[in-house]
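Residue numbers (the numbering used here), protein chains in the order written: chain E, 1029 to 1328; chain G, 71 to 155.
Incorrect hints may appear among the rest.
In the SDA-like style, the derived pairs of lysine to any residue whose C-alpha atoms are separated by at most 20 Å in a straight line are [what the hints assert, rightly or not]:
1. G:K130 with E:P1049
2. G:K130 with E:E1050
3. G:K130 with G:G143
4. E:K1242 with E:E1290
5. G:K127 with E:E1050
6. G:K142 with G:P155
7. G:K142 with G:D124
8. G:K127 with E:L1048
Now the stretches of chain E that chain G is said to cover, found in silico as 3 or more residues with beta-carbon under 8 Å [to be verified]:
9. 1032-1042
10. 1047-1060
Bear in mind the hints are in silico, worked out from the structure with no lab data behind them. Backbone N, C-alpha and C fix where the C-beta goes; we use that ideal spot for every residue, glycine too.
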Amino acid sequence: MTGHEFTDDELERWSRNILLPEVGVDGQRKLAAARALVVGAGGLGSPAILYLAAAGVGTLGIADGDRVELSNLNRQVLHGAADVGRPKVESARDAVLARSPACRVVTIFCRLTARNVRQTVRGWDVVLDATDNFPARFLISDACWLERVPLVSAGVVGFQGQLLTVLPQAGSPCYRCLLPEPSADQYAATCGQAGVLGAAAGVLGAMQAVEAIKVLLGIGHGFERRLLVYDALAGKVRIANRVKDPACALCGPKATIADVVEYRLTCCPGGVAGPDGCCMPAAPLKRQAKSVRRRGAKGR
Amino acid sequence: MAAQAARPVVPVRTVDVTGSRCPMTFVRVKVALDGLAPGEVLELVLLEGEQMQDVPKNLKDEGHRVLAVVRKGPKYHLLVRKGEP
């Protein structure tokens, strides 16, 4: 493969990648030419963004409409105390460029909506959904499916996280094959006050970077037909198989979803309004964790 | 086959990595081989010691063939045929 000619510094910087037979010089060139979009510069996006940049991904898109808050700093390791109040995309860009000056960073300082999401994900080689709520997850997964863009999606609640990959061009199961619609408790699954162990989010975010790199290089065994569930508290990792749902409204033979659907985060019945407009679940974490486990088992 | 064996092996290029230290030595070898088509030959210049201990073995592990080794003073000149990917 011809393409990017590495300088001596670049060869040294990426020497540990190049020495991997599965990456090599060709793979490093592919990464240099690759474009990865991370939606969410928070607990998942922080390690994902840092590792993608460190790996030598040439163009990194970072989309987030939020500003850094003090309460983010237990997990969002891209940002520091001095960044509180700044747009996360700016803080993230600075953190990336301080470590990887050659990385082209594209910042998208807005919340993704039904109006802008398809245009935003279009044309990227891979999208990492590192958002913190189910409406965003459905919005991004629908948009990536419709735009035929590979997706690595992850989520973390409390001590528990999950991860899956969707490869539309390879005809893999989509996100809705696993979760057809957001359920009432998923609307409430994200709140400013919802507890998250930062390091658990870090594990999942780093795994998203790993899986995105595998997608970009076309190597290894991915999660396009599997679901990973990590329970940090129990010290357990469970992997369930995923299959295509023949009745899936997005990717099934009788699909009814022809465009993105925007679900709104509104206060759930019995919930209390949170500081950023989302709602606090009335019966939060145990119920959500059970729900994740139940739905994970469904995919087996 | 005898005619083929007698055919002179002409390296496409010569790369001297004697100024590099492990593992950059092998990174530079990989970059040098990357520019060649399978079957083409690279002349590689290595130092006695660590480089000569490690690099020929790594080349073999990655599917390349060392055709010849010639010592010239403190340096070794290797002819390496690039393997199939």
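We went through each hint and held it up to the structure:
Among the hinted pairs, G:K130 with E:P1049 is consistent with the structure: their alpha-carbon atoms are about 13 Å apart, no more than 20 Å. The straight-line distance between the Cα atoms of G:K130 and E:E1050 is roughly 16 Å, inside the 20 Å bound, and the hint therefore holds. Between G:K130 and G:G143 the CA atoms are separated by roughly 24 Å; this puts the pair beyond 20 Å, and the hint is violated. Between E:K1242 and E:E1290 the CA atoms are separated by roughly 30 Å; this puts the pair beyond 20 Å, and the hint is violated.
With a C-alpha separation of about 18 Å, the suggested pairing of G:K127 with E:E1050 holds against the 20 Å cut-off. The straight-line distance between the Cα atoms of G:K142 and G:P155 is roughly 31 Å, outside the 20 Å bound, and the hint therefore fails. Distance restraint check for G:K142 and G:D124: the Cα-Cα separation of roughly 19 Å lies within the 20 Å cut-off, and the hinted pair is therefore satisfied. Taken as a hint, the G:K127 and E:L1048 pair is honoured in the structure, with Cα atoms around 15 Å apart against an allowance of 20 Å.
Three residues within the 8 Å Cβ limit are the bar, and the stretch 1032-1042 of chain E against chain G gives 3, so the coverage statement holds. A stretch counts as covered by a chain when three or more of its residues have a beta carbon under 8 Å from one of that chain; for the stretch 1047-1060 of chain E and chain G the count is 5, and the coverage holds.
Figure legend: structure checked against the earlier numbered hints; hints not met, in rising order: 3, 4 and 6.
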